[in-house]
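2 protein chains.
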Amino acid sequence: MSLIVQKYGGSSVADAESIKRVAKRIVQTRKAGNDVVVAVSAMGDTTDELLDLAHEVAPLPSPRELDMLLTAGERISMALLAMAIESLGQEARSFTGSQAGMITDAQHGAARIVDVTHKRVQEALDDGAIAIVAGFQGFNRVTGDITTLGRGGSDTTAVALAAALGAEVCEIYTDVDGVFTADPRVVPRAQKIERVTSEEMLELAASGAKVLYIRAVEYARRHGVTLHVRSSFNNSEGTIVFNPAAPGQDENGDPVEEPIIAGVAHDLSEAKITVVGVPDIPGKAAQIFNIVAKSGANIDMIVQNVSAAATGLTDISFTLPKSDAQAALTALTSERDAVGFTALQHDDQIGKLSLIGAGMRTNVGVSAALFTALYEAGINIEMISTSEIRISVVTRADTIQEAVRAVHTAFGLDGEAEAIVHAGTGR
Amino acid sequence: MSLIVQKYGGSSVADAESIKRVAKRIVQTRKAGNDVVVAVSAMGDTTDELLDLAHEVAPLPSPRELDMLLTAGERISMALLAMAIESLGQEARSFTGSQAGMITDAQHGAARIVDVTHKRVQEALDDGAIAIVAGFQGFNRVTGDITTLGRGGSDTTAVALAAALGAEVCEIYTDVDGVFTADPRVVPRAQKIERVTSEEMLELAASGAKVLYIRAVEYARRHGVTLHVRSSFNNSEGTIVFNPAAPGQDENGDPVEEPIIAGVAHDLSEAKITVVGVPDIPGKAAQIFNIVAKSGANIDMIVQNVSAAATGLTDISFTLPKSDAQAALTALTSERDAVGFTALQHDDQIGKLSLIGAGMRTNVGVSAALFTALYEAGINIEMISTSEIRISVVTRADTIQEAVRAVHTAFGLDGEAEAIVHAGTGR
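Chains as they are written, first to last, in this note's numbering: chain A, 555 to 981; chain H, 555 to 981.
Check the hints yourself; a few may be wrong.
For identical chains, the list gives no copy identity; a pair is met inside one copy or between any two copies.
Unchecked claim - No more than 20 angstroms apart at the CA atoms, straight line, and that leaves these computed lysine to aspartate or glutamate pairs for EDC-like:
{"hint": "1", "residue 1": "K574", "residue 2": "E610"}
{"hint": "2", "residue 1": "K574", "residue 2": "D606"}
{"hint": "3", "residue 1": "K746", "residue 2": "D729"}
Just so you know, these hints were derived from the structure itself, not from any lab.
Because the structure is a prediction, the values reported are computed rather than measured.
Using the sequences and the hints given, assemble the complete structure.
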């Protein structure tokens, strides 16, 4: 008997009917001969409604009490889901994060899992029951307090349970069919990706693909958990996120052909800040980015222009989440004299396009092909950054959709056109 | 510094505004120099809404999961209340039933408190914080599961905390001004009772007065906790429920004059079942009430008529909650041959009037005065039962209001003016 962990997001359990539908699917999985552990999110908009209530009673609710409040959400959905399963004649037992042994640090609102003591979950399985675990929530042993894992926390709960219990697969149920080669709302001919490495998935998630959260993918990668991202609204196979035994191999160590490009992601959530007229002397960049880091901002891309010899001044640009921009600008302004720059420019009309693929490592010419495609589409590139398996460019926000479509086509990713381009490596 | 336990019911924390109002009152109590522990119910109709959801997903939800579900209600209200207090600049810490050490047996839906391990609540007080405890909920150590205390559970939580912490008083905040000599909706000239013994309060609660639950009063009586029942919508003094040092004394052992009558209660929630034609031989009553007890019904009053000598048959009537009647009837019908009765009669149009007062013990003629008052009002008495400090009569349901008013007047309980009732008017 193999063990399957399933995660259902808020849209999959939005109301009583949805909960009954999900319960049926869970019971089917059990009847097919699997042990089943389920991580479930709060119903639909429950979390947002609770947040609204919190802000009605307190302008700045304390993180401890906010976690206490929000964890009521999964408590409701998990108990209802367990009841719905039991009414189909299958034993079920719901567990809070604390009962399921999701031990975290004490960082309220963004706690990290430090241990999974899954004794009660295992006992439920041993008794033949389906275990329903509250997603998103944990427990700190030192303070005795309830914590939450932050955005995408239920995915992380599911992956952590899958890792601790040695599950065969962790199925992430959502309201889309899987991971796509591009956002299907932007690229109608985007195709569902059948298999993607966890490394590629990490870059996709970090570059704007919203179907999975970075932390959950990281956790799965570190613990060798295979993910299956699929829809709770149909029975189609989704996308398998696997951990290759080695580059050019599948999870079992068998050779596979790696596609050069897994997909094209885009992101409109970032802004660009340019620090103008920075003295071109050693240590200035470090000074600037220390100031920004202290403001709590997460920097993504950085570009430093060549200094104009006549002035001895240079410009430094970086991108960061729009929500962090104000804090960074305030921090930099207050240190203007110490750094010695002339001005700050803030631009929130940028878009980022990223091309991701493990096959890039062994293929030359990918950057050139990308820049050519954008040039031919008449799109101007403002910044460039690359990793081993990713190339990202910043463009104007209002050209990003056209850019994504052009690149998707240029790399042969469109459905009913040429199949995925394969690398000649791996054999 | 003295310790005050306060309990706020669902109508006192029905929305964000109410929560802020209650938070202010709690902070005032703290600033007046008291340590404060608060037991809070779920907001407004939350519990009913969760129950509706449960019945939408499962016709017969399991008691364990139902408790898991319902306990989300106080989790929400207690976290919001703690936030609201903190936003007034006072430290607050919310605790679930489990965290507050409300240890119960494993009887889901109607658990009994077996221990209160209030270490974390005491620590919060020692740190100068206000402790907010989820009412209604507990924790079973053997199963590790969450339990609920059943109807009126939040009152019991408050009283149990007051007993364990040695509180000076346990204030029960509600949407009425206190305990009245009769239901003010029926008797406009009913008066608020200033002081009542816990023994009288028990009889009042058992006889239909809804302001306090029997279990909480029992707990307070057993542990010597003084209750103060009052409105959360104004600052009036409410009703003190005290434990006399001895009959005819107050809680400090000082002599007091006991009023003969504390109040008149009525109850329309019971039905009457008559078992007709029971063989008048020893053991038949025991047989009948064993059958009824096994059906789970709680019997209140019992009357057995004198046997008609000619037939050797008698009739036995008893009252029980309307909600238990069907189960009792089914159980009796299935044992008809064994018992040997002729027929069953079911009557759900009865009302019960009870006259309660500790002074009855030392006063003769109370029953006679009661029966006279009812006779003069033209009301027929169908059954009578008495305890040391209570006389109850069953009448037709449609005469009960008139009966209550007649008795209230006859025993000199009418106030000078009509009572002002603040029933959740938001004042």
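* Asked: Hint by hint, which ones does the structure fall short of?
  -> Violated hints: none at all, because every hint is consistent with the structure.
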